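Undergrad: Chain A is fixed; fit chains B, C, D and E onto it per the hints.
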Amino acid sequence: MPVLETRGLEKRFGGLLAVRDLSFSASRGEILGIIGPNGAGKTTVINLVAGIFPETSGQIYFKGQEINKLSTHERNHLGIARTFQSVRPLDHFTALENVMIGALFGQGMHLAEAREYAYEICDLIGLKNVDRSIDNLTVLDLKKIEIGRALASKPDLLFLDELMAGLNADETAEMIEVVRELQRRQLTIIVVEHIMAVVRELTQRCIVLDGGAIIAEGSYEEVAKQERVIEAYLGKEE
Amino acid sequence: MLEVKNLDVAYGRIQVIWNLSLNIGNNEVVGVFGPNGAGKSTLINAIVGVVKAKSGEITFDGVPIHNQETHTIARGGIVVVPQNRELFPAMTVKENLRLGAAYIPHARAKMDETIEYVYSLFPILKEREKQLAGTMSGGQQRMLVIGRALMSRPKMLILDEPSLGLQPSLVTEMFQILNRIKQDDMVILLAEQNVRQGLKVIDRGYVMENGRIAMEGSIEELSEDEHIRRAYLGV
Amino acid sequence: MRNKAMLIVAAFVIAAASLPLFAGPYFLSVFNTIFVYMSLALTWDIMLRTGQLSYGTAGLFGLGAYASALLVAKAGLNPLVSIAAGGAFAGLLAFFLGFGVLRLRKIYFSITTLALTTVFSVIIRNLPRLTGGASGTVLPRALFNGDPGKNYWMIYCLALAVIAISVWLSKSKTHYAINAIRNDEITARSSGIDVFKYLLFIFVLTSTIQGVIGAFYAQQYAFVQPEATFSMNFLLLPLAMALVGGVYSTIGPVVGAVLLGLVSEYLKLIMPYGHLIVYGIIIVLVVLFMPQGITRAFAKLFTRKMQVGGVDSASLRD
Amino acid sequence: MKKISLASVLLLIAALMLSSVSLAAEPIKFGAVNPLGDITGFQTTRAMELAVKEINEAGGLLGRPVELIVVDDEMRPEIGAAAIDRLATVDNVDFFVGGMGSGVHLAQVPALKKYEKITVWMGAASHQVEIAMGPDADWYFHLHPWDYQQGASYGQGWTDIANAHPEIGASRIFLAYEEGAFGTDSYLAYLDLYEAAKDGEGPYGQILNDFAGASFTSALLGGGDYRAMLRQAMDFDPDLFIWAGYDADAVPMVAQAMELGFEPPLFVGAPPGWPANFGDNPLSDGVILYGMWAPALKEVSEISNHFWNEYIKMHGHEPATYFAPLGYTNIMFLAEAIKAAGTLEKDAVIEALRTIEYESPIGAVLKIEPSNIISNQGFTSQKILQYIDGEQHVIWPFEYATSEIKYPFGR
Amino acid sequence: MLAAASKKQYLFIALLVIAAIVIGFWEPHALIYGIQRGSLYAVIALPLALILGILGVLNLAHGEFLTVGMYATFVLFSRFGVDPMLSTVPVTLLLAVVGVAVYLLTIKHVLKAGHLSQLLITFGISLVISELIKSIYTTQPRGVFTTYSYSSTTLAGIRFGTYEFLYLLIAVAVLVGLQLFLKKTRLGQATFAVGQNPRGASIVGINVSFVYLFVFGLSIAIVGLASVFMVPRVSIFPGAGTPYTMKSFALTAMAGLGNLNGILLAGIALGIFEAVVNAIPGGSGWSDVVFFGVLILVIMTRAIREGRR
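Residue numbers (the numbering used here), protein chains in the order written: chain A, 1 to 238; chain B, 1 to 235; chain C, 1 to 318; chain D, 1 to 411; chain E, 1 to 309.
Bound-form chain A, shown alone (with noise of 0.2 Å):
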């Protein structure tokens, strides 16, 4: 049974159809990769899964439970997490605190045992000095706040939305062992992604999204072949 399933999913806004017709599915452990050029609607599947905003039509199956009608936090409690493209880390909190909010309320836990656990994910993630306010951390460590808190919710199934945006190399290196030690623990992770070399060797397999509907399915490889796929993605040559 896959983790995560959607049949027929469609998203309009406006007179945008940003998703249409997006049916795919996630199985357990395995690291999804979702990519297409700007626009493509990759983060708007990110969201309708998640639950911030309806879905127009479609069915979303999460562990072979319908969870169209879900809100949010509730879709969190079921076990699926998310990171934003834009770092949005909670001010007025430390690095911890930022992580223990998802110990807190997607798992229930209590402050004590939110925070040791916060503590260990943080260890996991290799972000340090935990205890100090946001205010000048580097991009890095925003980053990694956003996937400590999304795991401490301990999710099965994980979103990262542009994850590396922002990195520099050695960053990004870090940043992909962190997801391979994620992977490690059984996690499903789907990762929405521009920078081509991490797609290619972090995911097992991508779907190719352009105009909210899917052009190719397969592994990076297969992908990156087809011309539907490079004429999306790079233009057409001239």
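Simulated from the structure, these hints should not be mistaken for lab results. This structure is a prediction, so every number in the text was calculated from the model and none was measured. One or more hints might be untrue.
As the list claims (entries may be wrong) - Pairs of lysine-lysine, PhoX-like flavour, derived with a Cα cap of 20 Å:
{"#": "1", "chain 1": "D", "residue 1": "Lys339", "chain 2": "D", "residue 2": "Lys29"}
{"#": "2", "chain 1": "C", "residue 1": "Lys150", "chain 2": "D", "residue 2": "Lys114"}
{"#": "3", "chain 1": "B", "residue 1": "Lys52", "chain 2": "B", "residue 2": "Lys5"}
{"#": "4", "chain 1": "B", "residue 1": "Lys110", "chain 2": "E", "residue 2": "Lys108"}
{"#": "5", "chain 1": "C", "residue 1": "Lys106", "chain 2": "E", "residue 2": "Lys184"}
{"#": "6", "chain 1": "E", "residue 1": "Lys112", "chain 2": "B", "residue 2": "Lys52"}
{"#": "7", "chain 1": "D", "residue 1": "Lys53", "chain 2": "D", "residue 2": "Lys313"}
{"#": "8", "chain 1": "B", "residue 1": "Lys94", "chain 2": "E", "residue 2": "Lys184"}
{"#": "9", "chain 1": "B", "residue 1": "Lys52", "chain 2": "E", "residue 2": "Lys108"}
{"#": "10", "chain 1": "C", "residue 1": "Lys197", "chain 2": "C", "residue 2": "Lys173"}
TA: For chains B, C, D and E alone, kept in the frame of chain A given last:
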């Protein structure tokens, strides 16, 4: 043309730029490279007056500008293409472009002429002339904001990470366009993470690290430096 | 350091509790009023911590007052019980209203809570058989027969309870939830926070307290009347106190209420006419020179750290 | 500069010491709680200061000077209540005087009951105050007529006027009342009077046949559009149109009536005060007003004349509302009683307050009688006044009348 | 900030017209009074919305500025015998100056301090203004009476006052003027740009702090303009303008932030609602409930609709 001398910038008590000096000559395209958090955006914000320098001096054509406000600096000929675009989402593409020239006296007179020039650089903007800026895709918005900056007929153009968040095909296109702008004798300060692409455009570059200039050099020097390569070139 | 602070707090608590032993009725009366406004200021601030700027404190205050007064006047309920009942009524109503108004954000939430205040007072004014209409209802006797010491202790205990709730909230799991909601609702939701549940909890909690304070006020002065009971003062003054003291904290509204309360009494002593002009100027000056509130301005003076109660200055800009 | 100010301070202290020598005895303290930000409370306080000045110039009371201590209630109930505490315990006043609004006064009742000091209160007309005070407070004296007494008094007035002038009738009355406590209470009082009148009883028994009312939002509270209400009044076609609102309603009310072409034969306003220079407004001519006092009373009453002149002399402006002479009366009445009692002993002063009669600048003799609930009520009757040629004139009671009634209203 | 009247607005206008016709047949006076008062609410609300939209400041002293304008008109009338209509220019200018002064002394310094500081400072300003007026002029109302302001005319057997139609005229004039200003002038475009994105505006060479100053001054000037035309019809006292702050706030919220056209529509709609309730015998006491009830209803339905989207 632009000279930054011993610049210190701080947000509150947290110092972000330390004793930084750089200069850009006439007809030069200068790159500032460095990883995220190195202080590139802060440097740019200080030059265009969005943040105030704690100490140091910035002169443009010999005139000190570090105490001027952003709009005065813009009227004086330095226009920035900010990282997060800063468009007017409820206005059309054309209105956005016109606003680029409307408040710069010397540009206002040549508005119609400049707009044709911008359209020739970015044909998509002419196609979408009547579309609201807020409804365009990220890449198109990036083009619009460069177009808007050019509308002011600046003496110097500052670009803050123009390739950020763009898909690869657009990144290539973006740098091609920058090369065209360069050929029209524009002085450019380009802040980039993407050194490889950036090196194709610049004449000379600086590398920033933790709010300081780590090195300065020609394209050759920059691309050969092993440290830079490993840390920033993404190789 | 922590122990020292606890000692100071304990000294304050005891000193304030023993005030009736040596202070006269006037000071008790002044502090009584200060505690009333302090409690309202705290509840307003607690709601603000979720990011919702409520203009409804006067409305729920008034409802609690009316519920309590009518239960005493019409049903002969014990006044002390009626104070609890007033709070319960306000809380219950807030619970039902919450399903509507808590969908709203920003100025839409603010204006709706403000509008509800007017709606409550007009409805009460137009039900003369039940409420006494515009001329209100007079109670047979004042709480504790107007004994200033007992009334003081009563409101002091209520205010202490509100302070305790505020402190407890700031150390509880709820603190993390409501701060996260104020920061970024989408992130909060995505992290598993049931935003509506927490908003409703805080809304009902603060409304209940406002109702209790209103009920106490009604019992203390033994009357309710739409104009007096739903007065905008019960919104504007607590708001000013919390802001002058410093928002998103317990200490801010407490200090703000004491300072503004004492300042207004003192100003009246030294200039009988026009003292409210000076009061207004003081408020303007505080905003200009201590925009984060007096407590944070002082904390800054005495410590190098910018943070008070986990809130830094930048975060006040939202 | 500094030296001069120091010298002047020393001089001031010396002067103070000298003055305290000249009036060697401890002063008798009157504590007043007035809304100083409002014209009523402001002028009341000024008038009280005049009264105290006159008393002290005449040698004080019982050989002691009188000191007036005034605290602002800011028109906030809790502040008004705290003011009572302050006067009683910090300033240790001997008597309470003053007061305006019913809302504030209701909150003061518990505090007043706590101290049971002799209280001579001049404002607060709502009968709710009477209910709150209860029948047992023998130390409480209330000067202002209660709302129901006012209604009854006017009934008497119109009956008298109708008897004197057969062409004038008040058989159809329309009451426009503001939505707050003040207006609504008037309306309820009228409803009772109308019920009684149906059986030919009560003050309106002889004259009133039909009554109707409609409410409006006072301009004071953000209203100011009376046209819908006035149209209802027009449809009713009353002989007597009364509005019970505030001073801010006066001009727009009469002007909007003109705009609609509504000209009842008797156009009456019953606000607690009137706008500045209302008489200068051409529309004011013939407008009848309910009140306790008019400046014109100075023509017929010596004490009124005295008050008027002395007040202007002392403060440089004219008294604008009846609260000014009432405030003066408030102090003088209490002073007379103390004089009569010859002591500050509570029972004796209460007894004196109950027995003396005081000729007041209000234009009536003040004499204490029981009301519906309390045993010590001062004035019970009001006056009917009319703006004639820009002046307020008394047209009833006839013994204080400064002019004949101008009838009918309209142009 | 101000898209041209949208489809939804046309629909609303159509509904309003239909309702107006129905009410016009049933109770023509309610229609007239509603349009007159509603327009007045709108003129006063427009500047509040402008300041809220461009500067992001909710001005709690809004009504007090209206009071200042009234007293200025009154002083010109009583001291110098200037007819209120002739006071239009001087009072509008004076209020612009007052607005600029208040802005420079206070608002300017809290623009970056967050909306809570702005709320408190404008509350302080409102207190200072109203108490200052009290201490100079007392609470006793003043008035400026002119016969033309109460003249009436009879049309199809309906007699009604004509002066208040001036409110409609001014509301439309101010609205059209503002729209033209924002669309057609350079300063207007700058204002519009600042309203959307202040930083972007400064980058293109717009003097943002001048735009703020200008908008505040302009808004207070509009408040002054409104006050002049109110003066012949109202009593002038220290709290005369105060209730309009809340009404303006309500209209702005009902129209939706940034929707200037919507304010006039919302004003007229609420004005008519109010007038209809007032026309029902015994209804006047409920008119506030109607006003705020409709407001809550509109806000809630919009919230629910947006929640679904």
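Undergrad: Of the hints stated earlier, which fail here?
TA: The structure conflicts with hints 4, 5, although it agrees with all the remaining ones.
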